Amino acid sequence: MLSTSALFAIIVFLLVYGFIISEAVHKAIIVILGSLLLFLLGVYVDAGYENQFVHAVSFIDFNVLALIIGMMVIVQITSKSGIFTQIAMKTIVWTKGNMKLVFFLLMLLTAFITAFISNVTAVMVMTPIFLAICLRYELSPMPFLMTEIILSNVGGTATPLGDMTNIIIASRAGFSFVKVVSNLGPVIAIITVLLAAIATFYFRRKLEPKVQISLDDLRNETFIQDKSLLIKGGSVLIAVVVALIFKESLGLENGIIALSGAMILLLLTKIEPEEAFKKYVNWSIIFFFIGLFVLIGALEATGVVYYLAEAIVSHTGSNTDLLAMIILFSSAIFSAFIDNIPFATTMIPIIKNIGTLTGVGTDPLFWALAMGACIGGSGTIIGASCNLVVVGLAEHNGIKISFLEYFKYAFWMMLIGVSICGVYLYFFIL
Amino acid sequence: MLIKDLLETDFVTIHGDATWLEALELMLKNNTNGLFVVNGHDKYLGTVTIAELISSVIPPYMKEDPDLAKSSPEGTFLKFCEKNKNKKIKTFMNTKKPFYNPRTKLISIVATTLNNDSYRLPVVDKSGKLIGVVNRRHIREALSKHFIKN
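Those protein sequence lines, which keep their order, are chains A and B. Numbering follows our numbering, with no gaps: position 413 of the first sequence is 413. One gets our numbering by counting positions in the second sequence from 1 and adding 1000 to each.
Be aware that one or more of the hints could be misleading.
[To be verified] Distance condition first, Cα-Cα at most 25 Å in a straight line; then the derived SDA-like pairs of lysine to any residue:
1) B:K1004 <-> B:S1108
2) A:K279 <-> B:D1067
3) A:K206 <-> B:S1108
4) A:K90 <-> A:K232
5) B:K1083 <-> A:K90
[Claimed, not checked] Label-pair restraints from in silico Cβ distances:
6) B:P1066 <-> A:V93: 16 to 26 Å
7) B:N1094 <-> A:H396: 29 to 39 Å
8) A:H396 <-> B:L1021: 17 to 27 Å
9) B:E1082 <-> A:K206: 15 to 25 Å
10) A:K279 <-> B:K1004: 35 to 45 Å
11) B:T1019 <-> A:K408: 31 to 41 Å
12) A:I245 <-> B:L1021: 20 to 30 Å
13) B:K1085 <-> A:K400: 41 to 51 Å
None of these hints come from the bench; they were simulated from the model. Computed from a prediction, not measured in an experiment: that's the story for all the values here. Quick reminder that beta carbons are idealized off the backbone N, C-alpha and C, glycines included.
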């Protein structure tokens, strides 16, 4: 039987979730106010802790926060160098202006860079480049923007840096960079190539340029704005990824590696910390995570998560195959319609408790969650933060991506991706 | 000294519903780079300068990353202008420029002029009707009168 505190924790959680879905109030504000409500209701009162606040803070994953802040600074500074514009424009030259090939290769590039610089930053960098290409060749930007959303969600699944959801899952499950890449990388590579090929075929007519333009201007032009910034930022980014790969040998945590990398980059570029933290760190997402950790921590502390895990196990037993498939497909569907970050963050302690209750290994369940939540986020225009970033940038430039138009194209693409994940899970992981 | 002692009443206005092209034509005809936007009752709405006319046709992504403009084919700017020539002035006019009432003190306008890089500042009466403009030349003339007099 659940305690009164547990019932309060559930009510506050559902209330906050309702507000997140309705988008009536900014999600960072509502999770922090939800946390305040938990304190007022005394949900975190526990004899083992000095006070409620200390108990709640024990659920905040500072390693995740440090990783996100560090990577935001490194990636935002590096992306200003113009390297991605240079690659995109030179791709046009290399392919002799073959737009179908350009489209295919740039979608692969989007997925690849997403894996290292996170999908929100990747789409902020790539969307203006796609708009410039479409302007040059008088193409509709819709194929580019809609496929970009899908592949940035897919690409972000390959590493524990590519997607906020994956950052949380990998960190809370204790997965190293190498473990995530070796387990998810191959299938994500296959899905990326397949979806990019399907998209190229699907939009083949819309990718016929209306004008023939000489490539001399692109051949002779350089788009790199700051070579020194590129070298410094690129070196730090590579060093951070290498350090994440060897973090066990170094005895360091993800957060301290990323944050140290950011500080070294600030030293090298002489960018003032005040400017960097103000301009490059999205503080609203950091506060959102703090509030979310406290809210979900309340469900853990009051036994709700254990209760939910028990209920799931009573139906599935210790059948890992069935559990993994349920988690994969339900995560994909839920994540398509609601923000995938709170969904995945809620699922993590539930999966941990399933492991405790059944004694089975939870790794396959976490892989199922990562693939389902990250790729599922591409199913609708509201499924993930990066989708909304593209929609916002498009709207700012006078291009409307409607919910229905995107849904009709992306939902089945998402289902293809998730189905491949299901096959991969069944044959290679389970 | 108050603004009413400085203001000039010779200025060019344009209706908010006028188009981009009409604004350009009016600027060329009056040999000016700036117009004051008003409604049917001469109520001040905002300003439009040649810089704002140009800026209004450039896609935001290109303004944020001007390097991307390098990939545009020749003639793109004129094509943008052509595409936007019927755009209404009120959709892109500058409404953030400060405006003053005739009883504003000289010190207020001097502080604003220096801080905002605004050259021609509108002066409106109580009903919001545009009654004059003040620019740096007027301030210079006021200073000149003061120091010559003393």
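So, going through the hints one by one against the coordinates:
no.: 1; hint: B:K1004 <-> B:S1108; in the structure: 13 Å, holds
no.: 2; hint: A:K279 <-> B:D1067; in the structure: 21 Å, holds
no.: 3; hint: A:K206 <-> B:S1108; in the structure: 57 Å, violated
no.: 4; hint: A:K90 <-> A:K232; in the structure: 22 Å, holds
no.: 5; hint: B:K1083 <-> A:K90; in the structure: 29 Å, violated
no.: 6; hint: B:P1066 <-> A:V93: 16 to 26 Å; in the structure: 21 Å, holds
no.: 7; hint: B:N1094 <-> A:H396: 29 to 39 Å; in the structure: 19 Å, violated
no.: 8; hint: A:H396 <-> B:L1021: 17 to 27 Å; in the structure: 24 Å, holds
no.: 9; hint: B:E1082 <-> A:K206: 15 to 25 Å; in the structure: 24 Å, holds
no.: 10; hint: A:K279 <-> B:K1004: 35 to 45 Å; in the structure: 43 Å, holds
no.: 11; hint: B:T1019 <-> A:K408: 31 to 41 Å; in the structure: 37 Å, holds
no.: 12; hint: A:I245 <-> B:L1021: 20 to 30 Å; in the structure: 59 Å, violated
no.: 13; hint: B:K1085 <-> A:K400: 41 to 51 Å; in the structure: 22 Å, violated
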